[in-house]
Amino acid sequence: MNGKTLLGLAFVTTASLAAGPRGTMPKAAANRYPVHAEKAGVSVGAALLTSDEARKAFVSEVNRCCVVVEVALYPVKDKLQIVSLDDFSVRVTGSETAVKPSSAKVVAASIQKSAESQRDITVSPSVGVGYESGPYGGHGTYREVGVAVGVSEPGSHSGSSDRDRDTMQTELSEKGLPEGTASAAVAGYLYFSLTKKKNATLQLEYVLNGEKIVLTLP
Amino acid sequence: MGARVLLLSALFTCHSMVALDGPCQAQEPTTVPQETPVSSATDSSKQAAAQGAPGPETDKKDEKTHHKIHVQLGLVSFGLGYTHFAGPYYYPYPYFYPYGATYSAVFCDPFWCTYPSVFSPAYSGSLLYAEDKGEVRLTAEPKTAEVYIDGAYAGKADRLKTIWLDSGAYDLSVSAKGRVAFHQRIYVLSRRSLRISAKLEPEKGPDALRQEREAKP
Numbered sequence: 069m070n071g072k073t074l075l076g077l078a079f080v081t082t083a084s085l086a087a088g089p090r091g092t093m094p095k096a097a098a099n100r101y102p103v104h105a106e107k108a109g110v111s112v113g114a115a116l117l118t119s120d121e122a123r124k125a126f127v128s129e130v131n132r133c134c135v136v137v138e139v140a141l142y143p144v145k146d147k148l149q150i151v152s153l154d155d156f157s158v159r160v161t162g163s164e165t166a167v168k169p170s171s172a173k174v175v176a177a178s179i180q181k182s183a184e185s186q187r188d189i190t191v192s193p194s195v196g197v198g199y200e201s202g203p204y205g206g207h208g209t210y211r212e213v214g215v216a217v218g219v220s221e222p223g224s225h226s227g228s229s230d231r232d233r234d235t236m237q238t239e240l241s242e243k244g245l246p247e248g249t250a251s252a253a254v255a256g257y258l259y260f261s262l263t264k265k266k267n268a269t270l271q272l273e274y275v276l277n278g279e280k281i282v283l284t285l286p
Numbered sequence: 097m098g099a100r101v102l103l104l105s106a107l108f109t110c111h112s113m114v115a116l117d118g119p120c121q122a123q124e125p126t127t128v129p130q131e132t133p134v135s136s137a138t139d140s141s142k143q144a145a146a147q148g149a150p151g152p153e154t155d156k157k158d159e160k161t162h163h164k165i166h167v168q169l170g171l172v173s174f175g176l177g178y179t180h181f182a183g184p185y186y187y188p189y190p191y192f193y194p195y196g197a198t199y200s201a202v203f204c205d206p207f208w209c210t211y212p213s214v215f216s217p218a219y220s221g222s223l224l225y226a227e228d229k230g231e232v233r234l235t236a237e238p239k240t241a242e243v244y245i246d247g248a249y250a251g252k253a254d255r256l257k258t259i260w261l262d263s264g265a266y267d268l269s270v271s272a273k274g275r276v277a278f279h280q281r282i283y284v285l286s287r288r289s290l291r292i293s294a295k296l297e298p299e300k301g302p303d304a305l306r307q308e309r310e311a312k313p
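So the sequences go chain by chain: A and B.
Under our numbering, the first residue of the first sequence carries the number 69, and numbering increases by one thereafter.
Under our numbering, the first residue of the second sequence carries the number 97, and numbering increases by one thereafter.
Keep in mind that the hints are not guaranteed to be accurate.
To be verified - No more than 30 angstroms apart at the CA atoms, straight line, and that leaves these computed lysine-lysine pairs for DSSO-like:
#1 Lys168/A / Lys280/A
#2 Lys295/B / Lys124/A
#3 Lys265/A / Lys145/A
#4 Lys124/A / Lys145/A
#5 Lys273/B / Lys252/B
#6 Lys265/A / Lys295/B
#7 Lys124/A / Lys173/A
#8 Lys266/A / Lys168/A
#9 Lys95/A / Lys295/B
#10 Lys95/A / Lys300/B
#11 Lys124/A / Lys239/B
#12 Lys124/A / Lys257/B
#13 Lys273/B / Lys257/B
#14 Lys173/A / Lys265/A
#15 Lys280/A / Lys145/A
These aren't lab readings, by the way, just hints derived from the structure by calculation.
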């Protein structure tokens, strides 16, 4: 690869990253992540987010549909590394099927669908005291108590509108692992559409230059 | 005035009274109690920690100070009421009555009333409350810091304790003279509350910077 090609590639990558995902700030080294590995000089670190961590890291209720994994890649110095979501997959340990990461668009739509089906129930007690008079029968005071139970219409929950979906898609996309070519460390989130059962362990698989790296997520 | 009319009047009186109070508590957007300890963060993921999810915890301190009217639209309410009337009427009191109603977005919920515009959730101000907006609660130090949303001046921090924004992603900046500016990417979802604490550190003077440079090997 000559210098011009490299320069052009770097320009295209920079342009595409500026408009797309920004990812997260990579930690100083891959070994700062709970699980990490190194192959051919490329280091990869990963962390499975708990429900609580995902709630803190995202405004979007990504827990509703997905398992979130933060991934960081550390390329070899002065060497470009292609980052593609297709190279990642998650497998429940012992299971034969693996799940590829979902796009921000799909995840946002999934959260919206989940929010649409949610309903809020509110209980509103009411108390009234008053005085009335009129030509019919006379006048007097009244006391009134009541209680109303309200069930919101489907679609009135946060995250259920199309605009919210767009916002969620923006957030998930901007915090997602940036795809393209990287010459420095990159990090971001991957969203896998699966529900993690208690005590089940997940394995993150990453295909690096044709070789598979398996990281068991705690 | 007939007894029926009187009863209806009583019903309306009751509803309008509670509509100012009950739904406010029920629909006050909730916040996560802890504040995000952000000083000059630019990492957008940090703001999510402060975004409140609808839940049982409410910010009672703020409720007391703001006294906002929040109503939720589009409810179906069913209930049971009891009225006791002490007066010389021909119909026997007390008695129970059930009631039920479907409310559309035209009405304030859950009671039948159309408030004047000042109470209306459709109150159209770009930074004011509306049903389809999300709330940003901003605490800044110093309080006179200037707030910018997507580069546009929004006001002083002390006047913008609560900002209502349409659902979307925004670049929030808080700056003050002699302080390091605060920047954060925020994501606002409708009917949710986001709490942001921006403490602007004093800018380092030329002497401090020189000392720092000299201290470095």
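Notebook entry, point to check: Hint by hint, which ones does the structure fall short of?
Noted result: 3, 4, 6
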